[in-house]
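Number of protein chains: 6
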Amino acid sequence: MTAIIAKKQFVKDLAPGTRVDDLFVLAERTLSHKKDGNPYLNVVLSDRSGQIKGVAWDHVEQMAAAVAGGDIVRIGGNVSEYRGAPQLVVRSMVAVDPARVDAAEFIPATDLDIDKLFERLLSLTRSIQTPWIKNLFEAFWADPAFVTRFKRAPAAKMMHHAYIGGLLVHCLSMAVLADKLAGHYGGVDRDLLIAGAVLHDVGKVREFDYTTAIDYSDEGRLLSHIVIGLEMVEKRLQTLADVPPEQVNLLKHLIVSHHGAPEFGAVEPPKTLEAVLLHYIDEIDSKINAIREFMAKDDSAQTWTAYHRVLGRHFYRGRTAAAPDKTTATDPETGRTD
Amino acid sequence: MTAIIAKKQFVKDLAPGTRVDDLFVLAERTLSHKKDGNPYLNVVLSDRSGQIKGVAWDHVEQMAAAVAGGDIVRIGGNVSEYRGAPQLVVRSMVAVDPARVDAAEFIPATDLDIDKLFERLLSLTRSIQTPWIKNLFEAFWADPAFVTRFKRAPAAKMMHHAYIGGLLVHCLSMAVLADKLAGHYGGVDRDLLIAGAVLHDVGKVREFDYTTAIDYSDEGRLLSHIVIGLEMVEKRLQTLADVPPEQVNLLKHLIVSHHGAPEFGAVEPPKTLEAVLLHYIDEIDSKINAIREFMAKDDSAQTWTAYHRVLGRHFYRGRTAAAPDKTTATDPETGRTD
Amino acid sequence: MTAIIAKKQFVKDLAPGTRVDDLFVLAERTLSHKKDGNPYLNVVLSDRSGQIKGVAWDHVEQMAAAVAGGDIVRIGGNVSEYRGAPQLVVRSMVAVDPARVDAAEFIPATDLDIDKLFERLLSLTRSIQTPWIKNLFEAFWADPAFVTRFKRAPAAKMMHHAYIGGLLVHCLSMAVLADKLAGHYGGVDRDLLIAGAVLHDVGKVREFDYTTAIDYSDEGRLLSHIVIGLEMVEKRLQTLADVPPEQVNLLKHLIVSHHGAPEFGAVEPPKTLEAVLLHYIDEIDSKINAIREFMAKDDSAQTWTAYHRVLGRHFYRGRTAAAPDKTTATDPETGRTD
Amino acid sequence: MTAIIAKKQFVKDLAPGTRVDDLFVLAERTLSHKKDGNPYLNVVLSDRSGQIKGVAWDHVEQMAAAVAGGDIVRIGGNVSEYRGAPQLVVRSMVAVDPARVDAAEFIPATDLDIDKLFERLLSLTRSIQTPWIKNLFEAFWADPAFVTRFKRAPAAKMMHHAYIGGLLVHCLSMAVLADKLAGHYGGVDRDLLIAGAVLHDVGKVREFDYTTAIDYSDEGRLLSHIVIGLEMVEKRLQTLADVPPEQVNLLKHLIVSHHGAPEFGAVEPPKTLEAVLLHYIDEIDSKINAIREFMAKDDSAQTWTAYHRVLGRHFYRGRTAAAPDKTTATDPETGRTD
Amino acid sequence: MTAIIAKKQFVKDLAPGTRVDDLFVLAERTLSHKKDGNPYLNVVLSDRSGQIKGVAWDHVEQMAAAVAGGDIVRIGGNVSEYRGAPQLVVRSMVAVDPARVDAAEFIPATDLDIDKLFERLLSLTRSIQTPWIKNLFEAFWADPAFVTRFKRAPAAKMMHHAYIGGLLVHCLSMAVLADKLAGHYGGVDRDLLIAGAVLHDVGKVREFDYTTAIDYSDEGRLLSHIVIGLEMVEKRLQTLADVPPEQVNLLKHLIVSHHGAPEFGAVEPPKTLEAVLLHYIDEIDSKINAIREFMAKDDSAQTWTAYHRVLGRHFYRGRTAAAPDKTTATDPETGRTD
Amino acid sequence: MTAIIAKKQFVKDLAPGTRVDDLFVLAERTLSHKKDGNPYLNVVLSDRSGQIKGVAWDHVEQMAAAVAGGDIVRIGGNVSEYRGAPQLVVRSMVAVDPARVDAAEFIPATDLDIDKLFERLLSLTRSIQTPWIKNLFEAFWADPAFVTRFKRAPAAKMMHHAYIGGLLVHCLSMAVLADKLAGHYGGVDRDLLIAGAVLHDVGKVREFDYTTAIDYSDEGRLLSHIVIGLEMVEKRLQTLADVPPEQVNLLKHLIVSHHGAPEFGAVEPPKTLEAVLLHYIDEIDSKINAIREFMAKDDSAQTWTAYHRVLGRHFYRGRTAAAPDKTTATDPETGRTD
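Chains as they are written, first to last, in the working numbering: chain A, 1 to 338; chain B, 339 to 676; chain C, 677 to 1014; chain D, 1015 to 1352; chain E, 1353 to 1690; chain F, 1691 to 2028.
Hints should not be assumed to be uniformly reliable.
[Claimed, not checked] When the alpha-carbon atoms are kept at most 25 Å apart in a straight line, the in silico DSS-like pairs for lysine-lysine are as follows:
#: 1; chain 1: E; residue 1: K1532; chain 2: E; residue 2: K1486
#: 2; chain 1: A; residue 1: K53; chain 2: F; residue 2: K1987
#: 3; chain 1: B; residue 1: K391; chain 2: B; residue 2: K472
#: 4; chain 1: B; residue 1: K472; chain 2: B; residue 2: K495
#: 5; chain 1: D; residue 1: K1311; chain 2: F; residue 2: K1987
#: 6; chain 1: B; residue 1: K391; chain 2: C; residue 2: K729
Rather than coming from a laboratory, the hints here were simulated on the basis of the structure.
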């Protein structure tokens, strides 16, 4: 068994002047504008504390040939400063066997206790009365490879819940909301709605690569988490008996339609009460978290946030308010910190 | 005191061949395509049971001069049939003093107990801790003319909650949801959110005329319920002491932004957590009710509804499901019928 | 074995005054505006020659309880005239065992020889060199239930190829175009492109019901032909050995992206050269056929067609030109009639 | 009485190498990417001649704690060069009592004589015949605090008339156009149209902060100038007698609708002839000025301007034409310079 | 010389029961839903007083073969009533030599004095100082065939100025506005702007057919008035000497861009001050006239108009206001009736 | 006769430290942010191998006065480095007589044999049977000034075929596709479709300036290649006899509509089968080439391309695939390299 190599230097501590010799994720690499025949290399290096840009000027071809995006690399170099931010001038870069590192050092993760979150989710899915849905979840939970990935997957690359455990945090929060809303309106099937809340994004366990950094996988870019998730559900359903086809279509419809409208990626718009509710629950949980994470960023003592390019506005933090708690420190069920 | 004239014939009972002599609302009147110098008159007559089209061929000018849209009119005539639906051939039409009729006979109304709904709303607004918001609601509730209108107002002309009491049903349902969601996320001001749920549409008490039929008022069409509602809130605030201006702007922002985006009528997009939540709560309650009301319509034994032109799709009722309960028969708090 | 009931009266021949006693498809039924307690029934009846509207006034409840949309019904009644078009006044309507009718009498179908078209398609898929794609097609063709449905399925409900055999006509035409275009640009995988042309719409064999009339199936409305098609492909792939996962994702991507952009139903936009080409081939074949079918309609001697609501324009037939040939009479490979 | 501190160094003169010791507006401050535990500060400093970026490396926390965005600050430091533009390296920064500075030194202002412009506007509003509108303006003009702000307010932060006096220049120009157009079409109420021209943007006196730099106020961002303006008008109307409610709604409608369509911020679209005209007059005056100000920018000897990102095109200056006059040097009534 | 056949019966006077024998324009003809082998014919007949729908049941093929859309036809038949409007049941229909009718009886025309309007336009174009533009207009005015068509052409088929002389009314009104606005802003070329006002729609003299009814011509539908107008201008320019090419491009740019944005048909967006102004002048004149013509329609005593489908709103006429004057009775220069 | 000045230094070879003394195109020049009274100059210099940014600090006014954008200039200076890319610090810059340079050194060009491509195009247009179209092409080909420009023109400034000869490569490829598709569908006029393929973009020979660098011409920006192309076709048509006007409108319609929809610049949408086909052929050829050129860019060993801003996605190159061939090395007819 190989020993784990300890990591001591983290991106957030890399001040100009620091000499670097440690492991990082090679998040991006780009060979750019050639000059005098020699390419040079722009890189982005990351670990769980953040990202730093770097550049390599010498031996670039050998270096580049030996590494690939997503590799764990040992970097030798120095931190300089460029445009008011630290920049890592890379002297050496070699790939390291990922089996010899502690992946948790390299990718941001929720501060919450993942096992506790998962237990709460289990207790919700075990409260389901509809036999075939109950069995479907048991089939998922009985697959340890799936459970391992499900507990680690992020819910996004950037917008919200973009960290290890983010998918679980998002699904649990939505399932709790689904439970509350199902009782508010007559004619809503609670079991179906909770199932949709837990499974609508299940394809994200394969849509993303998140071993050492969060990025889209090939199948994620080619097929989307909607299509992958449907395939994952169908695969489990084929192992079950007594599955009512009409009900299955209603569950799949929740996955198909949860983005609400075609222009946002819904294959069909929501056509059942449960699908309409699930779409809004998803909107609420993803938007509220995207905004709270944005509000919690640097310089949070200001009344207004910077301009949020995707949402197209500044958000109001308040003249006197303390900055809101970071989402990752929030219990998705109670909304209060541990 | 004038005696109330009893009404005995209702639109839903007007079969071809019926001789008519009773009171109706003149919901619409249109002088169309002249011929041989004489105009003729298309009318829509309504009462609380529905609408019927009618036409008058004779003495049209005298008739038309003596009545206006929205009047209570005594109609003499006969029901014939036109395009598979009954049509009222009007022989005489005279306006009747609205003080002599029971308005409840002329306009659809919720089946729920309006006073009980209002009591629940009161208990919610009285649970508010923030003094100035508490005082603001007391100022509203202390105004009997306002309360009378608020308990009667519809929430829309057609899409959802388009009946007497609809605004109250909608606001109570939203306030209950607001109460549930406020506890789910950290950093949300529950009092502000509940206030927004109750007041976001308050301008609808003037945006619509709903004495005898639901239609837009002049100021409703010219200014919108958003602008009217802001003016109504400002008027009460001017009677209160110790109102913190920053907080007032946050409450007004909830009214200003509750439609979510400019293209749907929001003056500004939601820029606080409460504004984002309120927008989605409004979306959920209005869309779910619009869909349930649509599902409950005629021929509800079919698997799919007809095509919903505004929402752009058919909705699924299910192969075996009974039709969902009518919204008006639903308790907005528990989602169950009394 | 039950004898087939012969059909003698066709919709196109139903002139006012005709007494009717024959079989039709009950394409639509709607219980509308009640009067005097009795519902009445609007129906649309169809056979392969067209559609006619009808109405029933008496015994409506018993009638309605005994039939469902899509049933083959025996109609007794008379043709009257309504708004310049014949209308069938229905006196009796009873469902007939569909096993006792010749389905071909009830639904429009291509005039081309379906078996010949299918043979041409087979010869194209058998020219594929890539082993796993070749095997995938053999798996489809080896399933007689699938082949039967595939040869019958329409490509749409209304816009283009909306007739029995339409899917096959459309796929063959696209496969021929794919073959031509694959050679025009370097770097395009011909086998993949042809496979995409044949399979991109394969889910339509289940998206539609087309036993007696063309309408969406429940799973068609809830999941779309894209999702159904992916499931059909995946099911066959699981029976094959040596299937390269990366290549499979590229084929599925063709199905996922063939609508071109999310607002037109593409789950992901086309991200490979083959996907971009397939999208345009689909656009060309569906638009050209939609326009040609529209040009061929009634009153085709006029220079301009009527306004095409979906495409938003009039089309030019020409001052002197004869009307173009009907699509169904056209050989999709050569563009010439047999 | 405190003496005014004279300002001698202006942004436009800050060449690399200059030693700086003078007063500026702290237009923006951002604490960014931490390193080695110490934040550093990016600032934007401005005065009436323009803006310059700056950076502080030392004692940042003390500095930042003592100042806020919008403060007048005394800056000690040196001008260096960064990316081809001067950059101010800030050594010291302390807030200065704004009562001790001449605000005119810190914010760009129209070159026109504000009092003369205002006189012209007065003579237009005094030509109004409708009593209640005439009285409304007298109520505004009788409020010296309002008049002071109205004469100083800008019409925008960036696009057009973004300088002290800009709102007055814009409103006067529009009122003159309104006067010309009111006579061109029959049925247009000149008094109402002129009132709309003068008051449509009146909320901008509070939507912006423009003491030392132009930025949105909190209420500006939360409520918009439309809502603020309506409140300002309503407040004056409550002091007047004999105000016809229907006419008031028509004036408010001009404010509500002047952006033309909901997606551009109109609460309601224009529904009267005056509202339609006012919208176009606003479009003309704001677009023409935005373009002329853009054409007048640097390097104005070129045939085409740079690409205008908001308007989405290059504008043509002409092969031989001299650059057009700067807007601020133009008399809005005659279009010619003094 | 053939004698003119007098016309005595006009559409507006065709009451049910009237026996008809007179000349009309065959505005539309459609062969629809065949029955029993015989087509039947829906027609729209028009004259200057309006339109009436008609239907023919017998001898349809012979009738249809002998006439074409746009023909002047002698109609024999009777007026019946259909859906509350008169309908002409056509017994005979034969084409009549258009040389034997007075075209003015068949198509709506402005009530204004066309020659006086044209004189005013001439005086405006003769006030132009730029030699080549002056010469260009002289070339147009020297072509009597052009002038005849220009004085008759409508400006639209339906939305606004849809009558004989409408193009002239629209261009004169715009030229007067252009003259006023050119002086308001510095740097605007008055001669160019007036030329654009007069010529921007000049292609409409060929885009429409308006001998007997207003409809698009073939080249109108295929090329648009923009492209036709450019060709008409270029043709005259080729006859002139000393035409500066850069200036010509600026004039053509006015034609190319006057619709403002590509989605509304502008080939390029306006890129000069004159082009921006011309676009808004066109918007004002077409929208104000569209609204005024709509307000003047039937039942104009109501406070609000019917819903305007293209503009998407109701317009406000006022509680007490008399209906506005019809546009055609308005002097486009002064806005007052003669 | 003046001697050609040889060029030895190319942009792609300008490494930091290089001393420069050679000819370049002054592609862009911008006078920016003044300081201490002296402007400074940002420039972009180009030749056929690429572009390099430069800056001049001294004698800027004299320098700027003596050169204009598009000039061939002799540059003296040094290459430094700025933001990881070489930057040319310009010491001297003087315009050089373009007659003394070899234009081919300054602008990228296709690697294909232009004369051979043109021969193939000729053989296609000479296969046309319709006399007037055949004559129209002979009129174009008989004009040597036109042919020279047509063989050199690019098809775009940036997106695709943005090099000398690009228009010819694009038109030939489209004409070959047109020939293939014309035979696929019945009722398509092959001669018209091929003529449209060759002439749809013919206005690009004047829309762009491409003597020394590719940029829009004034008339290109003011009128667009559509309008210019129509004028070029009309000019040749006026020299021909026996031209059928209806057919001419159909050809012009192909030019007018080839962008498909107004929002993409089509003056009218395609209204004939040929116009619909031509639009898609154009889409295919421009998109496929844009994507292939983008895929061939730097760092092409990666599985996915960078994000394509205009097309809004990453494109998939494949895990193992070699980069696709550059478009310019591809025979547009066969899709294979020479």
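Exercise for the section: Hints the structure violates: just list their numbers, smallest first. Expected result: Per hint list: 3, 4 and 5 violated.
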